[in-house]
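Student: These are the residues of each chain, in order.
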Amino acid sequence: MSIILSAILTLLALAVIFGAILGFAAIKFKVEGNPIVDEIDSLLPQTQCGQCGFPGCRPYAEAIANGEDINKCPPGGEATIQTLADLLDVEAIPLDAEHGEEKGKQVAVIREDECIGCTKCIQACPIDAILGAAKQMHTVIADECTGCDLCVEPCPVDCIDMITVPETIKSWSWNNPTDDDIQHQAYNIIATDKNPEVSA
Amino acid sequence: MKKIWDFHGGIHPKENKDQSNQSAITDAGIPPQLIVPLQQHIGQQAELVVSVGDKVLKGQLIADAHGPVSVAVHAPSSGTITAIEEHEVPHPSGMSDLCVFIETDGKDEWCELSPCEDYSTLTPAEILGKVRSAGIAGMGGAGFPTEIKLRPPREDKVNTLILNAAECEPYITSDDRLMRERAEEVILGLEIMAYVLQPNECLIGIEDNKPEAIEALREAAKETQIDIVVIPTKYPSGGEKQLIKVLTGKEVPSGRIPADISVMCQNVATSTAVYRAVRFGEPLISRVTTLTGDCIANKGNQQVLIGTPVSWLLEKNGYLNQKGSRLVMGGPMMGFTLDQTNIPTVKTSNCILAASPKELPQPDSAMACIRCGMCSEVCPAELLPQQLYWFAKGQEFEKAEHHNLFDCIECGACSYVCPSSIPLVQYYRYAKGEVKQIKADLEKSNQARERFEFRQERIEREKEEKEAKRKARSEAAAKAQAAKKAAAEAEAKESKEGTAEPSQAPVTAKAEVSPAPEVTLESLQKKLLMAEDKLSKMEAAWKDAQENNPERAEKLAIAVESSKANVKKFTLQITELGGGASDTPAGPSLEELESNLEKTKGKLQLILNTLEDAKQNHPDRVEKLERAVAKNHTRVASAELALREASEQQSKQQASKLEPTESKG
Amino acid sequence: MALMNITSPHAHGPRKTATLMRVVVITTLPGLFALTWFFGWGNLINVVWCSIIALAAEALVLLIRKRPLAFYLKDYSALVTGVLLGLALPPLAPWWVSLVAVAFAIIIAKHLYGGMGYNPFNPAMVGFALVLISFPVAMTTSWAAPASLLENPMSFFETLGTIFGFGSQAIDAFTMATPLDIYKHEIGHSIAQDVTQNPVFGAYVAHGWEWVNLAFLAGGLFLLIKKVFTWHTPVSMLIALTIMSLAFGWDADQATPPLLHLFAGATMLGAFYIATDPVTSAVSPQGKIIYGAGIGILTYVIRAYGSYPDAIAFAVLLMNFAAPLIDTYTQPRTYGYAKAKRGAKEAE
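Chains as they are written, first to last, in my numbering: chain U, 1 to 200; chain D, 201 to 865; chain Z, 866 to 1213.
Simulated from the structure, these hints should not be mistaken for laboratory data. Since the structure is predicted, the reported quantities are computational estimates derived from the model, not experimental observations. Idealized CB from N, CA, C, for every residue including glycine. Do not rely on the hints blindly, as some may be mistaken.
Footprint (simulated), chain D over chain U, 3 or more residues, beta carbon under 8 Å [stated by the list, open to error]: (1) 107-119; (2) 124-132; (3) 162-173.
The task is simple: from the sequences and hints, build the whole structure.
Tutor: Next comes the structure, spelled out in structure tokens:
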């Protein structure tokens, strides 16, 4: 009997001690907010386009922290889904086509001859990348433009085009060798699952 | 013998130098068209100073150095500029860049040059100026502006000046022949650079597979303090970092330049170019290029004008394109393939290798990496190439960077030894490109986020300001209402009690509370006055119309009625607010009315005079003036009326003021 | 005019994976010869049988994975696995033991992880450990007695029959425990002198086994000279084993002496052919030394204090677990850095 009693008392004592430590740690080392949201936000491309269904990248980051699917960001594309999957330890699912397709990097360009200076696009741009004033010429600051597409709709004269950023000799870089064999038909450098027939 | 060290790794590929180093340097000749790219160096593109149609002479400046890190470009031969447009340039991507097309006239006329017999008469700054205006870039392959390199940052003193004569890559022999034939120029160039930098020692590092060149250099450097150091043949001992380690035992810290450890390394061809620029004033417009490979009949070294199309060179030297052959610009280890031949040679083109399939066979298909570790054994930068490969393949670029991916000099030794034929260097180049892209994207997205957040803030702020204003206004309006109510009550009280100045009190009370009610009252009174004025005018006009213009009479009748209505309305409003129609203190004072009267009288007089004058001189204007006279009469009359009324009211008020006191008292 | 557009470098050295593997197989031949000479035909038959199984299993998996057969079979890696298992397994082991070992090694331990170059564990050792644990009786009672100790050593066909189960010989007459096994079990209640009276210990160290190990040592040294692998792993393993044995078993009356450790059993085979398997070992030179030392230490510990007489397989497998961690912490110093970077993350 006394053994049982002493066992119970010991376990009780241990529970109290560990509970106290945990409680103390919960207060002393409390982290304000959810730091994972910041980390998720830093991985998103910050185009603030709303294609994911949320009004900006930060709200989507918060939603992901609450369990939202990670495959809703077309500007981020496959790469972002992968990094999010790595960060959150979830499966990397393919991009949800409902929210758009992954296109290359795009910039908006205003056809200046047709611009009427109505400032509607300036109000629409989530990052103030359009320069202009009422009845004055509007122009897109190409370096700041993230290609989010939000300015195209409000324009009453439809003078904004989305063009893919062209590759220049300075921005060119080597391809991934595992992808290269698609381009070079005469020979294959890597024998992979996708391309098992390899020239001897 | 000077002590030498060794660097880690390295390979010994077959040298294949004998094909091209047996004969002297010949002149390549002048092609019919020269294609001169504006960017043949690291840094900013040179800025054009010529235009299409200009005639240029050999050595004439066609583009000036633009910005601090840039190099000038000169016309390699005399001729006419036929075009300035995009054209494919020597680059692994095969993409285009801006080029100047010169149609040569064959005369090869030099422009005016400024030679200098004795360089010691110039200051170092002047010499550097000559180097800059000669458009000299590093000719060993990198193309870094030589003048910038010769100007070490932060006044770092260069103690050891090294000339890189190693030429470690197989097949290339341009530096070898250059040294054999023009050793004096090499040494003199080194002396000029030493004059600028004032180092403690000058070394020339040369591999032991070039005995004749060593001899020639020794002969030329007999009288000088320059040390010719022979190093064992190993690829890549010609890499700047590796050569510095071999000759000095010191390592260039990662991410820094050799000047940070007081060492400077220049190529021998650059040295010759510096000499020619200072001594003869010649800009850099040609270089020695090795033409080699089994697909070329006439192998050897040639003095090639910059901008010479490779196609012209190949044709002139018996090029036979076999199936599966490769055209490489540069050496077999670090050169890049050309997929078309209409590409110009540039300042850094040291070799054109037209290799047959036997010489450079098609690469085998890559197999899986067996982690044998041979790549890390030969890596001159002491990296772990197989780990970098795994990380690059698995897209784990962070880990690759942690394993010092950016210290890779892309020499190709690892790919050379890999038993599984994996294109390792391409993986590293790809990984480096991706890391740079990721960093650029991250920066851009950070900036976008900042702008977005600022914009949100701005919109919030504007909203708040609007809110605040709206609140203030509504508060003010509420206060005004309250004050009016209070004033109305107060007036009611006062009028009951019959205090001294009933009209004054509410006015002052209102004035104390807030200006808004007073304004309202005042404005209403003003409106009332205006309405009354209008009414009287209308009545006068109506009377006039009744006599002269019956059609208008009806309209005017309506107008009169509406004016009367207006007057009634305003009177009512004023009464509601608590001011009397008889509230003359808020309205124009007696003095004002008197002055008004005076004015109107004056005007009337003026018009009468004008009428008199018109009767005599301008009969057509008489009618108008008579009407004007009539108007002014009316005005005078109304002014007099107003004055009379005002004085009557005042006397009334004074009377009523007296009364209450009488009644009270 | 089709000019190729390929990345540099354009020249390539003569080394190929297939050549490497081939030379490894060829250098095992002296050892195989010694084994056959001293212990009968068993090992030879096993090597052939295991090689056939290995190639067949590899072909089967490649078909399932839809890969080109010739390309992958040509790299000899399956052959190496088969040969090593054939050498490591007891000479008289039944055919199904070898079958299970090889098939498991190729299919599960190698291809399930992705094929050559992707497996974290040494496939041969995985197969060996599997059968050692699953079929303990067959594994311990199949070791052949040295032929010189037998009156009528088995002929080729008799050995074939024994292995493939159609033989009529009672196997007990031809098997004997290995020297390591005997010493380990006897020394507890005898002194060294008595134990070594057992004819299995022969004139020098262990009859037959010493020559076998010397032959494997010679093969290994040849591979070292040819630079197929670096010296770090085998040398550190042997030195570690010797030191452990000297430190903890210096008294021959209490524990197995160092020479026996080194020259009996599969020590040399393990040092030069198994521990040096590049796919599963550490990558950096420092890492290799730690890896090899670990194998040596573990071999001694398991042999001396564990229940298995020969522990190479387990030691190697345990160090295979540790190899990636060793890699993370033994990055070599790169040119231009004062110190090497340690650990996984940059200290930012």
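Student: How does the coverage statement for the region 107-119 of chain U fare against chain D, requiring three or more residues with Cβ below 8 Å from a Cβ of that chain?
Tutor: Three-residue rule not met by the region 107-119 of chain U, so violated; n is 0.
Student: Are 3 or more residues of the region 124-132 of chain U near chain D, judged by a Cβ distance of less than 8 Å?
Tutor: holds (count 4)
Student: Are there three or more residues in the region 162-173 of chain U whose C-beta lies closer than 8 Å to some C-beta of chain D?
Tutor: Answer holds; 5 residues pass the 8 Å Cβ test.
Going through the hint list in order, the structure does not satisfy hint 1, though it satisfies all others.
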